[in-house]
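Asker: Each chain is listed here by its residues.
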Amino acid sequence: MDNVIEVNGLAKVYGNQTALADLDFSVKKGETFGFLGPSGSGKTTTIKILTGQLTPTSGEVKVLGLPFSSLRTSEYRKRIGVITDNSGLYQRLSVYENLKLYCQLYDVPLTRIEEVLKTVNLANEAKKIVSKLSKGMLQRVTLARAFLHEPDLLFLDEPTSALDPVNSMHIHRGLKKLNEKGTTIFLTTHDMSEAESLCDRVAFLHKGNIQIMDEPKQLRRKYSDHTLRVELKNGKEVVLANNSEGAQELYKYMSADQVISVHSNEPTLGDIFVEITGRELI
Amino acid sequence: MTFSMKRALAIFQKDLKDLSKNMYIGSTVLIVILLAALYGRMGEVPLEMHYLVINFVFAMVTAFIQCAIIAEEKEKNTLRSLMLSPASMNDIIFGKSLVTFVVTILTVVLCAWLTGYQPADILPIAFALILSTLFYIALGTILGLLSKSVMEASVIILPVVFIFGFGSFLMSYVEEYSFLAFVEYLPSVQLIELAYEVEEGLGFGDLWFHLFIIALWVIGSAILTIIMYKKREMD
Chain H
1 MDNVIEVNGL
11 AKVYGNQTAL
21 ADLDFSVKKG
31 ETFGFLGPSG
41 SGKTTTIKIL
51 TGQLTPTSGE
61 VKVLGLPFSS
71 LRTSEYRKRI
81 GVITDNSGLY
91 QRLSVYENLK
101 LYCQLYDVPL
111 TRIEEVLKTV
121 NLANEAKKIV
131 SKLSKGMLQR
141 VTLARAFLHE
151 PDLLFLDEPT
161 SALDPVNSMH
171 IHRGLKKLNE
181 KGTTIFLTTH
191 DMSEAESLCD
201 RVAFLHKGNI
211 QIMDEPKQLR
221 RKYSDHTLRV
231 ELKNGKEVVL
241 ANNSEGAQEL
251 YKYMSADQVI
261 SVHSNEPTLG
271 DIFVEITGRE
281 LI
Chain U
1 MTFSMKRALA
11 IFQKDLKDLS
21 KNMYIGSTVL
31 IVILLAALYG
41 RMGEVPLEMH
51 YLVINFVFAM
61 VTAFIQCAII
71 AEEKEKNTLR
81 SLMLSPASMN
91 DIIFGKSLVT
101 FVVTILTVVL
111 CAWLTGYQPA
121 DILPIAFALI
131 LSTLFYIALG
141 TILGLLSKSV
151 MEASVIILPV
161 VFIFGFGSFL
171 MSYVEEYSFL
181 AFVEYLPSVQ
191 LIELAYEVEE
201 GLGFGDLWFH
211 LFIIALWVIG
221 SAILTIIMYK
231 KREMD
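Protein chains in written order, with the UniProt record's numbering: chain H, 1 to 282; chain U, 1 to 235.
Calculated from the structure, these hints are not laboratory results.
Being a predicted model, the structure only gives us computed values, none of them experimental.
Keep in mind that a hint or two might mislead.
[Stated by the list, open to error] Straight-line alpha carbon distances no greater than 20 Å define the calculated SDA-like cross-link-like pairs of lysine to any residue that follow:
| hint | chain 1 | residue 1 | chain 2 | residue 2 |
| --- | --- | --- | --- | --- |
| 1 | H | Lys135 | U | Asn77 |
| 2 | H | Lys62 | H | Glu75 |
| 3 | U | Lys21 | H | Lys207 |
| 4 | H | Lys48 | U | Lys6 |
| 5 | U | Lys231 | H | Thr119 |
| 6 | U | Lys17 | H | Ser94 |
| 7 | U | Lys231 | H | Thr55 |
| 8 | U | Lys148 | U | Arg232 |
| 9 | U | Lys6 | H | Leu110 |
| 10 | H | Lys132 | U | Asn22 |
| 11 | H | Lys181 | H | Val108 |
| 12 | H | Lys48 | U | Lys76 |
| 13 | H | Lys28 | H | Glu150 |
| 14 | U | Lys231 | U | Leu146 |
| 15 | U | Lys230 | H | Phe68 |
| 16 | H | Lys207 | H | Phe68 |
| 17 | U | Lys17 | H | Glu125 |
| 18 | H | Lys127 | H | Gly88 |
| 19 | H | Lys100 | U | Leu19 |
| 20 | H | Lys132 | U | Lys21 |
| 21 | H | Lys176 | H | Gly136 |
| 22 | H | Lys100 | U | Met5 |
| 23 | H | Lys127 | U | Gln13 |
| 24 | H | Lys132 | U | Leu19 |
| 25 | H | Lys127 | U | Asn22 |
| 26 | H | Lys62 | U | Leu84 |
| 27 | H | Lys217 | H | His263 |
| 28 | H | Lys207 | H | Arg279 |
| 29 | H | Lys78 | U | Glu233 |
| 30 | H | Lys48 | U | Glu233 |
| 31 | H | Lys207 | H | Gly59 |
| 32 | H | Lys233 | H | Val259 |
| 33 | H | Lys100 | U | Phe94 |
| 34 | U | Lys230 | U | Phe212 |
| 35 | U | Lys76 | H | Asp85 |
| 36 | H | Lys100 | U | Leu146 |
| 37 | H | Lys222 | H | Val239 |
| 38 | U | Lys230 | H | Tyr76 |
Please model the complete structure; the sequences and the hints are all you need to start from.
Answerer: Encoded structure:
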């Protein structure tokens with residue numbers, strides 16, 4: 001099974017409002033796939049359908065080789081993990097007690113708790129009551145919960161929204177570790193830097209449609225204006241074409257010891273999104 | 001639909017621990033026990049009064065605890081996490097009901113001891129009490145699934161406390177107001193009638209009608225619980 005997720009002609013309509021219109025995409029095994037789009041673009045609707053929480057209006061969905069009708073079974077849920085920006089942790093219980101419940105539900109030995117807490121840098125917080133944790137720590141406990149059973153497929157719905165950069169970094173490190181162990185990750189976000197740092201491929205979702213889908217690097221190259229920005233010691237900045245003529249000019253500046261830095265003028269994923277959809281990613 | 005005792009017990013253990021730290025649940029149980037202690041000190045307690053306390057336990061403790069713990073799970077988004085885990089609907093409902101069941105039985109026994117209730121035949125009474133507990137747990141689950149928060153649950157439970165807890169008081173108005181005829185078939189009223197017949201020396205064979213009516217309430221509420229849960233499972 002090469003594709004962990006296969007979606008064909010997926011649509012979801014609420015009354016007269018179309019949330020998803022004819023989506024087609026697939027996610028390969030071991031891939032980190034980013035679903036990017038502004039609020040209301042259909043990201044969460046897609047995750048809810050793929051996790052069996054929402055019935056599609058039409059289209060075909062296959063996750064881990066299972067059709068939509070099997071997405072509400074214990075067998076499927078044993079193999080997936082879901083993380084949203086809402087932790088879903090028991091506030092009056094300790095971190096350990098929360099994770100213990102999920103060890104029992106997923107049939108995982110309790111010794112895993114110490115291991116996963118070390119992974120998310122919370123080894124010393126096991127006895128802490130959840131209501132006393134900061135938002136960042138809460139999200140790391142949620143991540144630790146997803147680590148417990150090392151799912152084949154992990155869904156993340158805006159996992160680092162409203163987190164500070166340090167906590168986001170902790171989450172990203174954890175996700176990379178999980179991905180290295182073989183977990184396929186399906187991530188929705190409107191944070192372009194998050195997508196760039198984590199995703200092997202991204203799809204831009206706008207008004208319920210995928211506008212473009214590719215590797216972040218390929219997208220940046222495709223939408224690049226093929227120029228270089230050179231910062232000179234005299235305080236000026238020159239833009240050179242990324243070709244042999246530009247190289248000759250750059251050589252001149254470098255021979256004269258004039259260059260402070262050279263940057264390729266590739267757009268960010270955010271810039272590309274704006275160019276394609278005509279709107280910001282908020 | 002599968003059932004795993006291991007998963008159900010994990011949810012039960014979690015709820016037991018969570019409940020032990022929950023002030024509003026503890027204070028609700030305490031109020032009912034205090035009420036029973038108060039009646040117990042009044043000397044000879046009539047059967048009607050014993051069952052006022054017992055029906056009050058069912059409405060205030062059983063239905064309310066179940067309603068509140070389900071509503072809190074919804075409010076804090078933990079029910080969604082449970083639903084997305086391998087725990088099936090049976091595991092979740094059984095696990096969450098078990099803690100309410102244990103608390104109810106302990107409270108009923110303690111209240112009966114405090115009011116000095118000693119039934120002539122313990123078996124049919126125990127059977128009817130267990131059936132009633134199941135009904136009020138199902139009722140609490142339905143109301144909990146309907147509520148969005150604990151605050152809403154504490155409001156939504158009030159008519160239940162009134163109709164089921166004090167339904168027997170309405171019996172005297174049934175002849176005057178025919179629309180109140182349904183009161184006669186309330187599980188709380190059936191329980192009292194059964195208790196009177198037990199005191200008159202009747203056995204299981206003569207009590208089947210009351211047990212049947214209570215069992216119908218259990219089945220009806222259980223079906224409604226499953227429908228509600230399935231609806232909530234989907235967005």
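Asker: Hint by hint, note whether the structure agrees.
Answerer: Hints versus structure:
1. H:Lys135 with U:Asn77: holds, 15 Å
2. H:Lys62 with H:Glu75: holds, 15 Å
3. U:Lys21 with H:Lys207: violated, 46 Å
4. H:Lys48 with U:Lys6: Given pair Lys48 of chain H, Lys6 of chain U is violated - Cα atoms ~27 Å apart, limit 20 Å.
5. U:Lys231 with H:Thr119: violated, 37 Å
6. U:Lys17 with H:Ser94: holds, 10 Å
7. U:Lys231 with H:Thr55: Holds. Lys231 of chain U to Thr55 of chain H sits at ~12 Å (cutoff 20 Å).
8. U:Lys148 with U:Arg232: holds, 11 Å
9. U:Lys6 with H:Leu110: holds, 14 Å
10. H:Lys132 with U:Asn22: Holds. Lys132 of chain H to Asn22 of chain U sits at ~16 Å (cutoff 20 Å).
11. H:Lys181 with H:Val108: Roughly 17 Å separates the two Cα atoms, so the pair holds.
12. H:Lys48 with U:Lys76: holds, 18 Å
13. H:Lys28 with H:Glu150: Given that 20 Å is the threshold and the Cα spacing comes to 17 Å, the pair holds.
14. U:Lys231 with U:Leu146: holds, 10 Å
15. U:Lys230 with H:Phe68: holds, 16 Å
16. H:Lys207 with H:Phe68: violated, 23 Å
17. U:Lys17 with H:Glu125: holds, 19 Å
18. H:Lys127 with H:Gly88: Roughly 18 Å separates the two Cα atoms, so the pair holds.
19. H:Lys100 with U:Leu19: This hinted pair holds, its Cα atoms lying about 17 Å apart.
20. H:Lys132 with U:Lys21: holds, 15 Å
21. H:Lys176 with H:Gly136: holds, 18 Å
22. H:Lys100 with U:Met5: Roughly 16 Å separates the two Cα atoms, so the pair holds.
23. H:Lys127 with U:Gln13: holds, 17 Å
24. H:Lys132 with U:Leu19: holds, 18 Å
25. H:Lys127 with U:Asn22: Roughly 18 Å between the alpha carbons, so the hint for Lys127 of chain H and Asn22 of chain U holds.
26. H:Lys62 with U:Leu84: Since the Cα atoms of Lys62 of chain H and Leu84 of chain U sit roughly 17 Å apart, the hinted pair holds (cutoff 20 Å).
27. H:Lys217 with H:His263: holds, 15 Å
28. H:Lys207 with H:Arg279: Holds, because 11 Å separates the two Cα atoms, which is no more than 20 Å.
29. H:Lys78 with U:Glu233: holds, 17 Å
30. H:Lys48 with U:Glu233: holds, 11 Å
31. H:Lys207 with H:Gly59: holds, 17 Å
32. H:Lys233 with H:Val259: holds, 6 Å
33. H:Lys100 with U:Phe94: holds, 19 Å
34. U:Lys230 with U:Phe212: Violated - the C-alpha atoms of Phe212 of chain U and Lys230 of chain U are around 27 Å apart, more than 20 Å.
35. U:Lys76 with H:Asp85: holds, 12 Å
36. H:Lys100 with U:Leu146: violated, 29 Å
37. H:Lys222 with H:Val239: holds, 19 Å
38. U:Lys230 with H:Tyr76: holds, 17 Å
Checked against the numbered hints given earlier, this structure breaks hints 3, 4, 5, 16, 34 and 36; the rest are met.
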